[in-house]
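Spelled out, the chains give:
4 protein chains.
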Amino acid sequence: MPSVSSLEELRGRLAAFAAERDWQQFHSPKNLAMALAAESGELLEHFQWLTEEQSAALPEATRDEVALEIADVLLFLVRLADRLGIDPMQAAARKLELNARKYPVDKSRGRSTKYDRL
Amino acid sequence: MPSVSSLEELRGRLAAFAAERDWQQFHSPKNLAMALAAESGELLEHFQWLTEEQSAALPEATRDEVALEIADVLLFLVRLADRLGIDPMQAAARKLELNARKYPVDKSRGRSTKYDRL
Amino acid sequence: MPSVSSLEELRGRLAAFAAERDWQQFHSPKNLAMALAAESGELLEHFQWLTEEQSAALPEATRDEVALEIADVLLFLVRLADRLGIDPMQAAARKLELNARKYPVDKSRGRSTKYDRL
Amino acid sequence: MPSVSSLEELRGRLAAFAAERDWQQFHSPKNLAMALAAESGELLEHFQWLTEEQSAALPEATRDEVALEIADVLLFLVRLADRLGIDPMQAAARKLELNARKYPVDKSRGRSTKYDRL
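Line by line, the protein sequences are chains C, V, G and L. With positions in the first sequence counted from 1, the corresponding number in the working numbering is that position plus 691. With positions in the second sequence counted from 1, the corresponding number in the working numbering is that position plus 691. With positions in the third sequence counted from 1, the corresponding number in the working numbering is that position plus 691. With positions in the fourth sequence counted from 1, the corresponding number in the working numbering is that position plus 691.
Just chain C, same shape as in the assembly:
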């Protein structure tokens, strides 16, 4: 089974993939943000008529398709971040900190309320 060990490795492989095909011309951040949103729409399509319970118990074949949609989103996300010079893991770490402050355990337990309405 092929594998990729880190987002940094993935970033490098995607950059090489695009360079070999002379695709940098298409990979503006604007276009990549569109591709990312389009892929997240495809992900959505798998779930739109399912109940929440069904969504947690996908048939094997569907789960497989969903895995590839998740991969598509991840690929465009990493590529977009690369083109903007953003480190996604560092951004994620920063966001985790912000979320911990926005959603203190005692105020947000069992509630889906957005932080600005807590």
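The reader is advised that the hints may include incorrect statements.
You can't tell identical chains apart in this list, so a pair holds if it fits in one copy or across any two.
List of simulated lysine-lysine pairs, DSSO-like, C-alpha gap at most 27 Å [as the list claims (entries may be wrong)]:
no., residue 1, residue 2
1, K786, K805
2, K798, K786
3, K793, K805
Simulated from the structure, these hints should not be mistaken for laboratory data.
For chain C, the structure is supplied; the task is to place chains V, G and L on it using the hints.
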């Protein structure tokens, strides 16, 4: 600066974050796919009136906001994959292989045509 | 209460609104498709943590916000169609016909299966 | 050529279409908002690798496909509004008024800046 060293670590931290707040009840795959798509829509919003050139030269403040949107997408993506028992890095590796086959260098150089029309 | 009586009237008012502000330069079909998708992401955000039942019984204030998001989607949809020279009502009529053929009553009753898998 | 003369007629036809197929069970506002967002993602896909100029000069076949995606968005939008008891034309009229106040001609001419930053 806080850091996260791998998607696996991120997965664990998000699971703990949700468990502490009793948020598993909201985190069905269906709902997480929606949250992911909503965040990718917010990402889109930053770029919608920019030219491609402008999107590649964001002012520092905008780039900072975009970094946090990228983080949001990544967080929901990792959380969604976790709830489905999918390993996003393995899915990405599989997708890289498929893409290499769908887009051979000689046929796709300099062209944005979708593989099924190449 | 102000009113708009047809999509055609809406089209005209949006065209005038953009012309007065010299916004045609921003309103390429590409950009309008992005704005439409971003708005549909905002719509999504209102529903992402609700159960299906809750989504059918929104509090008045939420329903009001959702109505404005629906308006935003409609506005960009009409503007996009205008820029492409597409009549949305005619396209809708054509799609209704296609759907009637793709989803015959006897095969699709009570099933959310996509037409290509019926 | 079949035609539909108003959103109200479209609303009625979609309600009948769903009722005949016993699809009301799938048509919660939550699910319809997902379907709408998924369709707007498909719309996006047509434009993601095009320049703005290309997006304004689509080949006939592409324009035809785009017309059907626009129809899909409109159908789900009308159906969603119906399930929520929202009149989309009235919401659009209200939004036009709000936009006129948020974007005064003199302050917004030739600028894509969001109203809260004007």
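Hints, verified against the model:
no. : hint          : verdict
1   : K786 <-> K805 : both (15 Å within a copy, 24 Å between copies)
2   : K798 <-> K786 : within (19 Å within a copy, 34 Å between copies)
3   : K793 <-> K805 : both (9 Å within a copy, 25 Å between copies)
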